[in-house]
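S.K.: Just so you know, the sequence shown maps onto residues 34 to 125 in the working numbering.
Take the hints with a grain of salt, since some may be wrong.
[Unchecked claim] Here are the simulated lysine to aspartate or glutamate pairs, DMTMM-like style, with alpha carbons at most 25 Å apart: (1) K63 x D98; (2) K54 x D69; (3) K93 x D105; (4) K46 x D105.
[Claimed, not checked] Okay, the calculated beta carbon distance ranges per label pair: (5) I97 x T124: 25 to 31 Å; (6) Y106 x S45: 25 to 31 Å; (7) G81 x H114: 17 to 23 Å; (8) C117 x N82: 22 to 28 Å; (9) W121 x L86: 15 to 21 Å; (10) E60 x D105: 16 to 22 Å; (11) R87 x M64: 17 to 23 Å; (12) R51 x Q96: 21 to 27 Å; (13) E60 x Q96: 33 to 39 Å; (14) E66 x Q122: 17 to 23 Å; (15) D84 x L55: 30 to 36 Å.
Rather than coming from a laboratory, the hints here were simulated on the basis of the structure. Ideal Cβ placement from N, Cα and C applies to all residues, glycine included.
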Amino acid sequence: MWEGIEYIFDISKPIGERVTKLTINGEPIKMDEEFDVVMSSYRATGAGNFDFLRNRPVVKEIQIDITELIADYILKHPFIHATCNKNWQVTF
34 MWEGIEYIFD ISKPIGERVT KLTINGEPIK MDEEFDVVMS SYRATGAGNF
84 DFLRNRPVVK EIQIDITELI ADYILKHPFI HATCNKNWQV TF
């Protein structure tokens, strides 16, 4: 799941047709829109059944492990307010 995007999945539909609603900031996402997405190098190689990400252009590469980035953030922000924005729903 990506933050800022709202999803509805209908798992009774065939694979490839299960996303029935996809919006960002309340507006429908157009199929020809492009977005820059932050992810680990593991995911960027298409691992974990994310083949559609394989061979996509890398916009920026950071040579710091994600666990180190998270640890640094927590050290700088010791009080983290976690919320649940309920931006996804599964139907069938």
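S.K.: Does each hint hold? Answer for all of them.
M.R.: Now for the hints, and whether the structure bears them out:
no. : hint                   : result
1   : K63 x D98              : violated (33 Å)
2   : K54 x D69              : holds (20 Å)
3   : K93 x D105             : holds (20 Å)
4   : K46 x D105             : violated (42 Å)
5   : I97 x T124: 25 to 31 Å : violated (39 Å)
6   : Y106 x S45: 25 to 31 Å : violated (39 Å)
7   : G81 x H114: 17 to 23 Å : violated (29 Å)
8   : C117 x N82: 22 to 28 Å : holds (25 Å)
9   : W121 x L86: 15 to 21 Å : holds (19 Å)
10  : E60 x D105: 16 to 22 Å : violated (34 Å)
11  : R87 x M64: 17 to 23 Å  : holds (20 Å)
12  : R51 x Q96: 21 to 27 Å  : violated (36 Å)
13  : E60 x Q96: 33 to 39 Å  : holds (35 Å)
14  : E66 x Q122: 17 to 23 Å : holds (22 Å)
15  : D84 x L55: 30 to 36 Å  : violated (20 Å)
Checked against the numbered hints given earlier, the structure breaks hints 1, 4, 5, 6, 7, 10, 12, 15 and satisfies all the rest.
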